[in-house]
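Residue numbers (this note's numbering), protein chains in the order written: chain A, 2 to 292; chain B, 2 to 323; chain C, 144 to 326.
The hints are simulated quantities; they were obtained by calculation from the structure and are not laboratory data. Please read all numbers here as calculations on a predicted model, not as lab measurements. There may be inaccurate statements among the hints.
Stated by the list, open to error - Keeping only pairs whose Cα atoms sit at most 27 angstroms apart, straight-line, the calculated DSSO-like set for lysine-lysine is:
hint: 1; chain 1: C; residue 1: Lys254; chain 2: A; residue 2: Lys68
hint: 2; chain 1: C; residue 1: Lys254; chain 2: C; residue 2: Lys225
hint: 3; chain 1: C; residue 1: Lys272; chain 2: C; residue 2: Lys206
hint: 4; chain 1: B; residue 1: Lys179; chain 2: A; residue 2: Lys35
hint: 5; chain 1: A; residue 1: Lys68; chain 2: C; residue 2: Lys272
hint: 6; chain 1: C; residue 1: Lys254; chain 2: C; residue 2: Lys206
hint: 7; chain 1: B; residue 1: Lys65; chain 2: B; residue 2: Lys179
hint: 8; chain 1: C; residue 1: Lys225; chain 2: C; residue 2: Lys206
If you want the building blocks of each chain, they are given just below.
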Amino acid sequence: MSASVQTTAPPIAGQRTPRRGASLAGVLAWEATKLRAQARARWVLLLSALAPIVIVAIINGQGRPPKDTLFGRYIHHSGFAVALLMLGFAGQWVLPLLTAIVAGDIFASEDQHGTWKTVLTRSASRGQLFWAKTITAVVFALVVLLILGASTILSSVLIVGHQSLTGLTGQLIPSGTAARLVVASWASAALPMLGFTCLAILLSVRTRNPAFGIAAPVVIGMIMQLFGTLGGVEAIRPWLLTTPFESWHGLLAQHRFTDPLRTGVLVCAVWSAVCLAIAYILLRRRDITEG
Amino acid sequence: MPEVLAVDAVGVTKRYGALTAVNDVSLQVAQGEVYGVLGPNGAGKTTFLRMLFGLIRPDAGTIKLFGQAREEVGTHVLDGVGGFIESPRFYPYLSGRRNLEGLARLDGGATPDRLDEVLAIVDLTDRAGDKVGGYSFGMRQRLGVAASLLRDPLLLVLDEPANGLDPAGIRDMRALIKRLAAGGLTVLLSSHDMGEVEEICDNVTIMRTGSVVYHGGIAELRERAPDQGHRVRTADNARALALAHQHHGGLRIEADADGDLVAYGTQAEVDAYITTVVTDGVALRGLELTEAPLEALFFMLTESAPGGVPHELDHAAAEAAR
Amino acid sequence: MTMTIAVVRRTLPRLAALALATAAVVALTACGASDVTRARLERNLPQTFSNLYVQQARILGHKGITVQSLHAQAQCDKGGPKVADHGPGSDWICLMRWTDPNVPLPDGSGKFELNVHSNDCYTAGGPSKLIGPLTITDTHGNDVDNPVFEFDACFDPNTPNTPTSVTIPAPPTTTAAPPTGGR
Numbered sequence: 002m003s004a005s006v007q008t009t010a011p012p013i014a015g016q017r018t019p020r021r022g023a024s025l026a027g028v029l030a031w032e033a034t035k036l037r038a039q040a041r042a043r044w045v046l047l048l049s050a051l052a053p054i055v056i057v058a059i060i061n062g063q064g065r066p067p068k069d070t071l072f073g074r075y076i077h078h079s080g081f082a083v084a085l086l087m088l089g090f091a092g093q094w095v096l097p098l099l100t101a102i103v104a105g106d107i108f109a110s111e112d113q114h115g116t117w118k119t120v121l122t123r124s125a126s127r128g129q130l131f132w133a134k135t136i137t138a139v140v141f142a143l144v145v146l147l148i149l150g151a152s153t154i155l156s157s158v159l160i161v162g163h164q165s166l167t168g169l170t171g172q173l174i175p176s177g178t179a180a181r182l183v184v185a186s187w188a189s190a191a192l193p194m195l196g197f198t199c200l201a202i203l204l205s206v207r208t209r210n211p212a213f214g215i216a217a218p219v220v221i222g223m224i225m226q227l228f229g230t231l232g233g234v235e236a237i238r239p240w241l242l243t244t245p246f247e248s249w250h251g252l253l254a255q256h257r258f259t260d261p262l263r264t265g266v267l268v269c270a271v272w273s274a275v276c277l278a279i280a281y282i283l284l285r286r287r288d289i290t291e292g
Numbered sequence: 002m003p004e005v006l007a008v009d010a011v012g013v014t015k016r017y018g019a020l021t022a023v024n025d026v027s028l029q030v031a032q033g034e035v036y037g038v039l040g041p042n043g044a045g046k047t048t049f050l051r052m053l054f055g056l057i058r059p060d061a062g063t064i065k066l067f068g069q070a071r072e073e074v075g076t077h078v079l080d081g082v083g084g085f086i087e088s089p090r091f092y093p094y095l096s097g098r099r100n101l102e103g104l105a106r107l108d109g110g111a112t113p114d115r116l117d118e119v120l121a122i123v124d125l126t127d128r129a130g131d132k133v134g135g136y137s138f139g140m141r142q143r144l145g146v147a148a149s150l151l152r153d154p155l156l157l158v159l160d161e162p163a164n165g166l167d168p169a170g171i172r173d174m175r176a177l178i179k180r181l182a183a184g185g186l187t188v189l190l191s192s193h194d195m196g197e198v199e200e201i202c203d204n205v206t207i208m209r210t211g212s213v214v215y216h217g218g219i220a221e222l223r224e225r226a227p228d229q230g231h232r233v234r235t236a237d238n239a240r241a242l243a244l245a246h247q248h249h250g251g252l253r254i255e256a257d258a259d260g261d262l263v264a265y266g267t268q269a270e271v272d273a274y275i276t277t278v279v280t281d282g283v284a285l286r287g288l289e290l291t292e293a294p295l296e297a298l299f300f301m302l303t304e305s306a307p308g309g310v311p312h313e314l315d316h317a318a319a320e321a322a323r
Numbered sequence: 144m145t146m147t148i149a150v151v152r153r154t155l156p157r158l159a160a161l162a163l164a165t166a167a168v169v170a171l172t173a174c175g176a177s178d179v180t181r182a183r184l185e186r187n188l189p190q191t192f193s194n195l196y197v198q199q200a201r202i203l204g205h206k207g208i209t210v211q212s213l214h215a216q217a218q219c220d221k222g223g224p225k226v227a228d229h230g231p232g233s234d235w236i237c238l239m240r241w242t243d244p245n246v247p248l249p250d251g252s253g254k255f256e257l258n259v260h261s262n263d264c265y266t267a268g269g270p271s272k273l274i275g276p277l278t279i280t281d282t283h284g285n286d287v288d289n290p291v292f293e294f295d296a297c298f299d300p301n302t303p304n305t306p307t308s309v310t311i312p313a314p315p316t317t318t319a320a321p322p323t324g325g326r
């Protein structure tokens, strides 16, 4: 090894040790760097941009419209219908999966690599690490939604067209209004996305297993959705995390109703707050006995 | 006014259910010294060091680093402290340099020059650009030391730093630690190898199943160590034994399981005995040292030796009696 | 022996939590009325139908058809007299009447079948004799989709739930024997 050595003069009596400290911005930048270096994040973003183009083209070429999904029967009438059909489909398991790929892994990967003991022996607190990872996961989820939505809407409008859209109470919506409503509908998916991100974070922290953190939110989402279609569960339906994925329906009615959206905001906020609170406490109290 | 202690641990305890991993351990490390925590696997050394770093919360006791406790200053308790627990782990999909850059960010930043400096100290400059996933065990160990030095620590805490290294790596690691200590760094290291601790450390705490069995200097430990054993093989062991009882009554000599004789004493005493044997006409076939005295003492202190812990060294019993 | 006790002590709180959660779910399931009610469907269906019918009139070139001129009204029932009229299901039947000079209603109303989902959306289909087949021919001679043939709609869960008091007499059954000797 090299002969050069770092020399430190022993501190004189009473001298304090050098003060160090990480800023949340610095830790956040580091988490973003790590995420960028991971192939899976890049693949998800790429797929979110390209897959809708392919799917819209396929839908456009289909002879028989998918009448079992809302707006399915209008896919040849208006590109906006295609965009909303895709939104309905995305809310089922695609969006929870896209966010869980990062959020369900961002904590558990530290357990997988054994690096908790590396990062927790620096000057960043557990709280700072928690928030940096959470913010990274949330921003990623919103970016994915933005890319997926923009790609879907643009390819729908360009491939199928921007004809007027038949709304959910039979009314004809002119092109310009339809465009605004479609964008607003896609944007409303950000709320349950946030909820699923926080759920994935909780599962990531609790199970310390990246595979479980990614798969479990998707499975839970599917179960919630199935449960929501049952009759007789009215008291619980509004509290399922999948219900807000359909709150945009009210925007497409002749007399717009926004109550489901307002309820959705509350439900997602509560889910997010509770999941993050539990995850935070679990992380703060954990004894790192292995990596 | 006395200098503030680098490490001041008092009464640290950790229980996992019915098992007590660390039982009322206290130790003090003064600035500038090299301190060893010695014990077999499972003695609780790693658990203790994890508590030092705040990775595990103790059930009882306090740990102060440079006079500060975690309850008072939070993460700042680790200002001036660097090190790693067991084999250091990094992100395998990033290069060594990137890993260090990230860890520097978790410290509040470091200049690129400093990064180059620490990489040079551990001799990883040429491999710094490769992904850590491709590093050998020894390289990861060295990167761990580099990561620790990146914080400009005043106290270096290393958990079994030579563990898993090949003999050349072990030699280099010990040399590095000695150089760093000579430069003024306080070093606290744990080990299960008495020889390593004897070579590098000034003071030592020996642990067994969670409790302390010895505190003190290496020099004192040597004084209390049993005499060096010398294994003697002769052409006629029975005659050699008889000679010992006749002419060297003060010399402790035993026959071991193979029939060889083991003599315990100073070099001069053993020399005299050998001369007697040979002069008597018994041919000497072999003369070698048995285990080092401190090693022997270590095993006595930490394993369930038939004799148990020597009374004068039984720290735990002394504490209990007090 | 102590091992088993330890295991039981660990799992007992978890089992208790699970039992509590299940009980809560079951209890909550019992209360809470469905948003899908007869009154809400009777308010939404005619409105949706009228909007779509107006589109159809424009395609066919029929003049003077507006939502107001149609006066559409509906009376809905779920699954026969014995079934309560609330909750999702594929057995909702709505009798609807409207005024279109071009299309008289021989029975005074048309029978629509609704498949209503728990998310307050439904799919409705009606008699093609009254509302036309799957595709219709527009004024230029092209075959286009008939907007009224089968349609989806969603209603506002906050629509008032007071009864609409719309009564539509059931159409006489077609298999009835012709009256003998005057009635």
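Status of the hints after comparison with the structure:
no.: 1; hint: Lys254/C x Lys68/A; verdict: holds (21 angstroms)
no.: 2; hint: Lys254/C x Lys225/C; verdict: holds (19 angstroms)
no.: 3; hint: Lys272/C x Lys206/C; verdict: holds (20 angstroms)
no.: 4; hint: Lys179/B x Lys35/A; verdict: violated (35 angstroms)
no.: 5; hint: Lys68/A x Lys272/C; verdict: holds (22 angstroms)
no.: 6; hint: Lys254/C x Lys206/C; verdict: holds (25 angstroms)
no.: 7; hint: Lys65/B x Lys179/B; verdict: holds (25 angstroms)
no.: 8; hint: Lys225/C x Lys206/C; verdict: violated (43 angstroms)
When the structure is compared with the earlier hints, violations turn up for hints 4, 8 and for no others.
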